[in-house]
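So the sequences go chain by chain: A and B.
With this note's numbering, letter number 173 in the first sequence gets 173, and the count goes up by one each step, no holes.
With this note's numbering, letter number 23 in the second sequence gets 23, and the count goes up by one each step, no holes.
No wet-lab data here; the hints were simulated from the structure.
Keep in mind it's a predicted model, so treat the numbers as computed, not measured.
When the alpha-carbon atoms are kept at most 20 angstroms apart in a straight line, the in silico EDC-like pairs for lysine to aspartate or glutamate are as follows:
no. : chain 1 : residue 1 : chain 2 : residue 2
1   : A       : Lys110    : A       : Asp68
2   : A       : Lys152    : B       : Glu16
3   : A       : Lys88     : A       : Glu48
4   : A       : Lys20     : A       : Asp37
5   : A       : Lys167    : B       : Glu18
6   : A       : Lys12     : A       : Glu63
7   : A       : Lys152    : A       : Asp180
8   : A       : Lys47     : A       : Asp37
9   : A       : Lys152    : B       : Glu18
10  : A       : Lys167    : B       : Glu16
11  : A       : Lys110    : A       : Glu139
12  : A       : Lys88     : A       : Asp68
Quick list of simulated restraints, FRET-style, between CB atoms:
no. : chain 1 : residue 1 : chain 2 : residue 2 : range
13  : B       : Ser26     : A       : Leu52     : 31 to 41 angstroms
14  : B       : Glu18     : A       : Arg10     : 39 to 49 angstroms
15  : B       : Ser26     : A       : Asn71     : 17 to 27 angstroms
Calculated from the model, a selection of chain A residues having no Cβ within reach of chain B, i.e. all distances over 12 angstroms:
no. : residue
16  : Pro36
17  : Phe69
18  : Ser103
19  : Val144
20  : Pro146
Even glycine gets a Cβ: it sits at the ideal position worked out from N, Cα and C.
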Amino acid sequence: MNQSVLVGSRAKQKFWDLYKSERKFKDFDPEIEETPDPRFAYFQTCKEKNCLPRANLLIKDTESPLIDFTNKYLQTQQAAQSVAEAVKRYTFPVMAIYFVNNSLKPREAKVIMQSFQHHIGTIQNLNLSMNNLSQSGAEYLASVIPNMQSIKRLNLNDCHLSDRGVKAILENLEQLTTLDVLDLSANQIGQSSYFKDSAAALCSYI
Amino acid sequence: MLRGPLGYEIIKSIAEHESLNTLGVSNNFLGQIDKCIEPPAALFSNMLL
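Only chain A is shown next, with the shape it has when bound in the complex:
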């Protein structure tokens, strides 16, 4: 796939031309697809899920090795699924992925994380901040972390991560020697306290 179909105002015009046309995306079958063009999968999924396509979800302003959905609203399962089907088909080199402040809930967050699975080995910067990963999202992320062989920055700020979720992530992070920056701010680390005097108990233990 040529990235130019996803970049610039001309690409935006082509996006809508394609949507209005009778071209084969309307019969797109992911099982026997012939083209990796993410627009086909996006339109078809929007059609199946009965949601309106949005050009600004797929068309970027500049060509870059970056998938950036910062501040784009993906709260509904339909919107997340449609975007995920497109992202799965991005074949350009991806070094950074930003899904920040998308109102993702745990199920949608997992769908989105699954969509960039084949970029997981090359990404250096992953930012999922301000989305609700919760325990299920954390467990899924933990399961793919061993494959993040190039990761340098991992931002999970305000992702509703509990002690258990963070622990699952950290257990897998231990093997990653490339990681330089880890942001776990504004989560729930330490909230699972059930000993009234835990500080004193732990200090004496240490």
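Using the hints provided, position chain B relative to the given structure of chain A.
Quick look at chain B alone, frame taken from chain A:
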């Protein structure tokens, strides 16, 4: 007040990480954890407790 053994475990395992230079853990429920343990200076100098 350090709140919870899991919170402590988590910070301890982060502190032992090989390559990590910067860690953000502000706005969690860690209280004065820095007064309870003696962490590696390089790592915790960048922490925002």
